Amino acid sequence: MAPRATLLLAVVLVVLVVHAQCKVRPCKKACGKNFDLVCGSNGVTYNNPCEFENARCDIRTLRLQHKGPCQAKTCSKSCPKNIRYVCGTTQILYNISNFLKLDLYTLSSRRPT
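Per mature numbering (1 follows the signal peptide of the UniProt record, and there is no 0), the sequence shown runs over residues -20 to -1, 1 to 93.
Since the hints were derived computationally from the structure, they do not count as laboratory data. Since this is a predicted model, take the numbers as computed values, not measurements. Mixed in with the good hints there might be a few duds.
[What the hints assert, rightly or not] Each computed DMTMM-like pair below joins lysine to aspartate or glutamate, with the alpha-carbon atoms no more than 25 angstroms apart:
1. Lys8 <-> Glu31
2. Lys8 <-> Asp38
3. Lys47 <-> Glu31
4. Lys13 <-> Asp38
5. Lys9 <-> Glu31
6. Lys13 <-> Glu31
7. Lys13 <-> Glu33
8. Lys8 <-> Glu33
9. Lys47 <-> Glu33
10. Lys9 <-> Asp38
11. Lys47 <-> Asp16
12. Lys9 <-> Glu33
[Unchecked claim] Here are the in silico distance ranges between beta carbons for each label pair:
13. Asn28 <-> Ala(-16): 35 to 41 angstroms
14. Thr41 <-> Val(-7): 34 to 40 angstroms
15. Cys7 <-> Gly48: 21 to 27 angstroms
16. Leu(-8) <-> Ala35: 53 to 59 angstroms
17. Pro(-18) <-> Arg40: 45 to 51 angstroms
18. Gly12 <-> Ala52: 23 to 29 angstroms
The beta carbon of each residue, even a glycine, is placed where N, CA and C say it ideally should be.
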């Protein structure tokens, strides 16, 4: 009776392993270099549907928005016209009204005494 139970257990284990392998499929696959742009719900343009599907492996909530590239988001706010910028001596762009003094102070503190 024991060998029969062992054989039955072995058969059940084989069936379970085969069944589990059938349901598991690799999520990411190699994609070709073809360009058939698609837009994802995350605002990212993917080179083709294959690359989009690969991204869905990592982002399960990702959905296809439409074919073609995603549209650039536009900003409804405009910059004030009175802001002026200047390039500091440290090659950093500053709002002239606020940070030029800081750049001058930083530069003067680096000079050898």
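These are the hints, each one checked on the structure:
With a C-alpha separation of about 9 angstroms, the suggested pair Lys8 and Glu31 falls inside the 25 angstroms cut-off, and the hint holds. This hinted pair checks out: Lys8 and Asp38 have alpha carbons roughly 9 angstroms apart, not beyond 25 angstroms. The straight-line distance between the Cα atoms of Lys47 and Glu31 is roughly 13 angstroms, inside the 25 angstroms bound, and the hint therefore holds. Taking the CA atoms of Lys13 and Asp38, the gap is near 21 angstroms; set against the 25 angstroms cutoff, the hint holds.
Restraint check for Lys9 and Glu31: the C-alpha separation of about 9 angstroms stays at or below 25 angstroms, so the hint holds. Pair hint Lys13 plus Glu31 holds up; C-alpha atoms about 10 angstroms apart against a cutoff of 25 angstroms. For a cut-off of 25 angstroms, the pair hint linking Lys13 to Glu33 stands: about 15 angstroms separates their Cα positions. In summary, the hint linking Lys8 to Glu33 is supported, as the alpha carbons are separated by about 8 angstroms, within the 25 angstroms threshold.
Restraint check for Lys47 and Glu33: the C-alpha separation of about 14 angstroms stays at or below 25 angstroms, so the hint holds. Taken as a hint, the Lys9 and Asp38 pair is honoured in the structure, with Cα atoms around 13 angstroms apart against an allowance of 25 angstroms. For a cut-off of 25 angstroms, the pair hint linking Lys47 to Asp16 stands: about 8 angstroms separates their Cα positions. Among the hinted pairs, Lys9 with Glu33 is consistent with the structure: their alpha-carbon atoms are about 9 angstroms apart, no more than 25 angstroms.
For the hinted restraint 35 to 41 angstroms between Asn28 and Ala(-16), the CB-CB distance of approximately 53 angstroms leaves it violated. Distance hint check for Thr41 and Val(-7): the Cβ-Cβ separation is about 37 angstroms, which falls inside the suggested range of 34 to 40 angstroms. The hinted range of 21 to 27 angstroms is satisfied by Cys7 and Gly48, whose Cβ atoms lie roughly 25 angstroms apart. Separated by about 36 angstroms at the C-beta atoms, Leu(-8) and Ala35 break the suggested range of 53 to 59 angstroms.
Against the hinted window of 45 to 51 angstroms, the Cβ-Cβ separation of Pro(-18) and Arg40 comes to about 46 angstroms, which satisfies the hint. Between Gly12 and Ala52, the C-beta spacing of about 27 angstroms keeps the proposed range 23 to 29 angstroms intact.
Of the hints listed earlier, those the structure fails to meet are numbers 13, 16, in rising order.
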